[in-house]
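Residue numbers (our numbering), protein chains in the order written: chain A, 128 to 643; chain B, 603 to 995.
No lab work stands behind these hints, which were simulated from the structure alone.
Every value quoted in this text rests on a predicted model; they were computed, and no experiment measured them.
Heads up, a few of these hints could be off.
What the hints assert, rightly or not - Mimicking DSBU-like on lysine-lysine, the simulated pairs with C-alpha atoms at most 35 angstroms apart in a straight line are:
1. K626(A) / K138(A)
2. K240(A) / K873(B)
3. K862(B) / K466(A)
To be verified - Stretch-level coverage of chain B by chain A, calculated; a stretch enters the list once three of its residues show a Cβ under 8 angstroms from a Cβ in chain A:
4. 688 to 694
5. 765 to 778
6. 920 to 933
7. 936 to 946
Note that CB positions come from ideal geometry on N, CA and C, so glycine has one too.
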Amino acid sequence: MERGRLRDELKKLLGPGRISFAPQDIVTYSSDMYPATQIDKLGKMLPQVSPAAICFPEDAAEVQLLVRFCSQERVPVVPCGAGSGVCGGTLPPEGAVVIDLKRMDRILRFDPKAGIIEVEPGIIGERLEDWLNSKGFTLGHFPSSIACSTVGGYVACRSAGQYSSRYGKIEDMTVGLSVILGDGNQLDLGILGGGNRRDPMLAVILGSEGTLGIVTQVALRVEPLPELVDFSGFAFVDIEDGIACMRRLLRAGLRPTVLRLYDPLDSLIAGMHSTTASGEDVHRAASKLSGLKGLLAGALTDLNEAGIAVALLRPSMLNRIAELLPARCMMIIGVQGDKASVARQWDEVRSIAQACRGEDLGPEPGYHWFKRRYAVSYKQSRIFAAGAFVDTLETATTWDNLVPMYRAVLKAMGKEVFLMAHFSHAYREGCSIYFTFAGYRPTSRAAHSIYKRAWREGIEAVTRYSGTVSHHHGVGVLKRWAMGRECPGGIELFSAFKKIMDPERVMNPGKVYNLD
Amino acid sequence: MNGTVSGTRLRKELGKQLPAHRISVSDSGRYVQVEADSAQDVCYVVSVASREAAPVFPVPCLGRIPPVDGWHIRLSLSRLSAITDFSPDSGLVCVQCGTGMQRLSDWLAEKGFALGVHPEQSCEMELWEFMLSAASNSFGPRFGFKRDQVLSLSAVLPNGRLFRNSVSPARSTGPDFSLPLLHSAGRFGLPLEIYLRIHPLPAQRVFLTFALDDLPAAVERTWEVASAATPELIEIGVNRLAPGGLPQRFVLVELWGEGKALSVRKELVRKLLGDVARPSEVPYEMLLAFEKTYRFVEGQTRHVTLSRDSLKDLVEGLPPGGGPVTLRIRGFVDGLVSVTAGCNDEAECAILPSEESAPSGSRESRRILDAAAGMLDGSGVFMRLPEMWGGRG
Numbered sequence: 128m129e130r131g132r133l134r135d136e137l138k139k140l141l142g143p144g145r146i147s148f149a150p151q152d153i154v155t156y157s158s159d160m161y162p163a164t165q166i167d168k169l170g171k172m173l174p175q176v177s178p179a180a181i182c183f184p185e186d187a188a189e190v191q192l193l194v195r196f197c198s199q200e201r202v203p204v205v206p207c208g209a210g211s212g213v214c215g216g217t218l219p220p221e222g223a224v225v226i227d228l229k230r231m232d233r234i235l236r237f238d239p240k241a242g243i244i245e246v247e248p249g250i251i252g253e254r255l256e257d258w259l260n261s262k263g264f265t266l267g268h269f270p271s272s273i274a275c276s277t278v279g280g281y282v283a284c285r286s287a288g289q290y291s292s293r294y295g296k297i298e299d300m301t302v303g304l305s306v307i308l309g310d311g312n313q314l315d316l317g318i319l320g321g322g323n324r325r326d327p328m329l330a331v332i333l334g335s336e337g338t339l340g341i342v343t344q345v346a347l348r349v350e351p352l353p354e355l356v357d358f359s360g361f362a363f364v365d366i367e368d369g370i371a372c373m374r375r376l377l378r379a380g381l382r383p384t385v386l387r388l389y390d391p392l393d394s395l396i397a398g399m400h401s402t403t404a405s406g407e408d409v410h411r412a413a414s415k416l417s418g419l420k421g422l423l424a425g426a427l428t429d430l431n432e433a434g435i436a437v438a439l440l441r442p443s444m445l446n447r448i449a450e451l452l453p454a455r456c457m458m459i460i461g462v463q464g465d466k467a468s469v470a471r472q473w474d475e476v477r478s479i480a481q482a483c484r485g486e487d488l489g490p491e492p493g494y495h496w497f498k499r500r501y502a503v504s505y506k507q508s509r510i511f512a513a514g515a516f517v518d519t520l521e522t523a524t525t526w527d528n529l530v531p532m533y534r535a536v537l538k539a540m541g542k543e544v545f546l547m548a549h550f551s552h553a554y555r556e557g558c559s560i561y562f563t564f565a566g567y568r569p570t571s572r573a574a575h576s577i578y579k580r581a582w583r584e585g586i587e588a589v590t591r592y593s594g595t596v597s598h599h600h601g602v603g604v605l606k607r608w609a610m611g612r613e614c615p616g617g618i619e620l621f622s623a624f625k626k627i628m629d630p631e632r633v634m635n636p637g638k639v640y641n642l643d
Numbered sequence: 603m604n605g606t607v608s609g610t611r612l613r614k615e616l617g618k619q620l621p622a623h624r625i626s627v628s629d630s631g632r633y634v635q636v637e638a639d640s641a642q643d644v645c646y647v648v649s650v651a652s653r654e655a656a657p658v659f660p661v662p663c664l665g666r667i668p669p670v671d672g673w674h675i676r677l678s679l680s681r682l683s684a685i686t687d688f689s690p691d692s693g694l695v696c697v698q699c700g701t702g703m704q705r706l707s708d709w710l711a712e713k714g715f716a717l718g719v720h721p722e723q724s725c726e727m728e729l730w731e732f733m734l735s736a737a738s739n740s741f742g743p744r745f746g747f748k749r750d751q752v753l754s755l756s757a758v759l760p761n762g763r764l765f766r767n768s769v770s771p772a773r774s775t776g777p778d779f780s781l782p783l784l785h786s787a788g789r790f791g792l793p794l795e796i797y798l799r800i801h802p803l804p805a806q807r808v809f810l811t812f813a814l815d816d817l818p819a820a821v822e823r824t825w826e827v828a829s830a831a832t833p834e835l836i837e838i839g840v841n842r843l844a845p846g847g848l849p850q851r852f853v854l855v856e857l858w859g860e861g862k863a864l865s866v867r868k869e870l871v872r873k874l875l876g877d878v879a880r881p882s883e884v885p886y887e888m889l890l891a892f893e894k895t896y897r898f899v900e901g902q903t904r905h906v907t908l909s910r911d912s913l914k915d916l917v918e919g920l921p922p923g924g925g926p927v928t929l930r931i932r933g934f935v936d937g938l939v940s941v942t943a944g945c946n947d948e949a950e951c952a953i954l955p956s957e958e959s960a961p962s963g964s965r966e967s968r969r970i971l972d973a974a975a976g977m978l979d980g981s982g983v984f985m986r987l988p989e990m991w992g993g994r995g
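Next up, chain A with everything else stripped away, as it sits in the complex (with noise of 0.2 angstroms):
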């Protein structure tokens, strides 16, 4: 349809104010934190493709009428919170008409007893968690990106926040959702539709990130605040001892709130105190590297902002020189209970950390990791403001395969990138692999290249050991090209799922599976 007339129509649905074409909103909407836009950005590129309108519908009636003209019109659809997603998941394409659903941002039912909480898909994940805490309950969903996030957004993606291992992750928080498919229709599922939480169609949307529908209303469970959480910090040897000790944890049939083992080189930029095994300063232990390799990692482990750029352009050496830093691994835990029942964790927890050769530090560790857990995405812009780019991956595998991945990623991305993890989100099975990366080159053009080499080698390296390409950042058009790999055969499930709930192929079109 013209671009001027769809506007026009689009008018004629939604009240005024609550639609806008203006340019600056045409181009915020093309984009979301996909790194790879930033790099467009970096470049002075503005986005090649563009949408038509962004709406704001107010409820679930006006979002089913203009998903009903779009797919009489074929229009495609983008749905949007608050547009956090690093995968590309909202990018639109040309002529889109974008969804932004934060003025759907109520709470439309709390039931304590049963421990359920409905809400529109718009609330941002900290408002819902406050509000929750002044009625003594907690969603125990953290993502770091929660004063930025929308519970529409956790369920299109399968967010998981820093209380996994206690809470699990959004998937099984929900127990209800109701949807306007791509068809107009509304589907109602789990509690929302007379069902329970093991509606397998649950598994079917949540996830799918706006390409078979639009969620309108989530059902989550919520549990009481615990009496008592508190926070202590270990340090290991190595990242082997340290997983082991994650591992024992689970098996025994812990569940931490918090459990996240640094690698070495993340221990220092996660800015938590650390000693070398021999009770060293880091800081010191690395300054007395000789030349270039002292230099370095001095740079390093301040993060300075003038050493990043030329740091980065050599990405191997400065990856060989990390691991020469003479760091142990940092593991942050949580536990949460009453007071006795702590008392009880953390007495299995040390004899478990003791018995990997783990030494207890203390709660100072574990309360600055807790002062500064959401700090850590806005530390990217100082590189993207160096002109540099940062992404991650994030991967989960079983225990037995969790360190050769590790290895392996190391190996595979460092030829490109500058990266370090950090091991959270344990199972009883295995865990998840938090990669950061960073990389630089002068232009644009080129800083694509290596951006886009250093994904292709990660997920290899990923895949070779049966892990899943995305634990918790989902899919979008980043990692689109490995479904084949992460899951042959699910375009054939996914194609016949879409033919029935969006015929017209118009909802979020490209993103998760590419049926073109």
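Using the hints, position chain B against chain A.
Chain B in isolation, oriented as in the chain A frame:
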């Protein structure tokens, strides 16, 4: 489904890739039976079936192949019985679909591990049937339902293509299709290999048995026991034909662990059940041995998942001396139980709600699943698999 393909043609097409000695034809039964030796064999058989619009039925133990107009393919999967990966560190075992559940259970026990569910006792059921049918279900509050035991799987889709998801404890890679696969009784595909969660056998296992007078009160109390003590197994049993000396209504509790923690849980169970149940001296195994007191009639054994409210209605509505001959109520996970009823005829089982009236999903959810399965399986290769266990085709 056109039903016009001949046995000769099916044999010829299958013989293009499979050795003749693994293909046999029953002219009277109007089927071609194939012994599959690998996942590739299965994919090939299903792709031929899809092309020729011939229904495929794996050879079941508990279920029955329904009457079919025209020729069909019977697929024996018992040669696909390897344990392909065993990882004690990750608590996982990878098993091919034709592996007998009892054999798997015994093999794991030798290694010091157990599955999180009971294998079906009434026949040597293979893994694929165990997962697709409603049979057996839950070990209890600690380990969940049988579908909770699956970490990842591979399956053959109705067009013969292979489906597989990554071997990961969690993912964020689009919809999770393994749930529709396992919930649809095979209409979306047939599992070929499954990574199952396993659990170390404990230092000690404690078995508690109780006889019941007031069944509805005991059911309500069992929810509390499940939540407070998280027993590895908790089961309410009703056996109308229990021989003299055995209680007709009882609760079984199994606890794993050791030392003080185990004692604390044991006492908690006794305390919680104290005023609604009498401790019984009858051995656990004897109470569980339903088959010794009542022969289940295949096809008249009903399996249904019920919510807490539906279960309450069921037990309150049981007619004195009537209703199902046997009832096994397990699970007590997420407000749900799995009920297996043994009946002599439909009338005895009439009190049980159907899976349709007490569903996991809404009517609309089931409509979409049905439509998507139909879209995927245009040739009707797997559409009738649910009928093997009394479900809808």
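(message) I'd like to know which numbered hints this structure contradicts. Please list them from smallest to largest.
(response) 6
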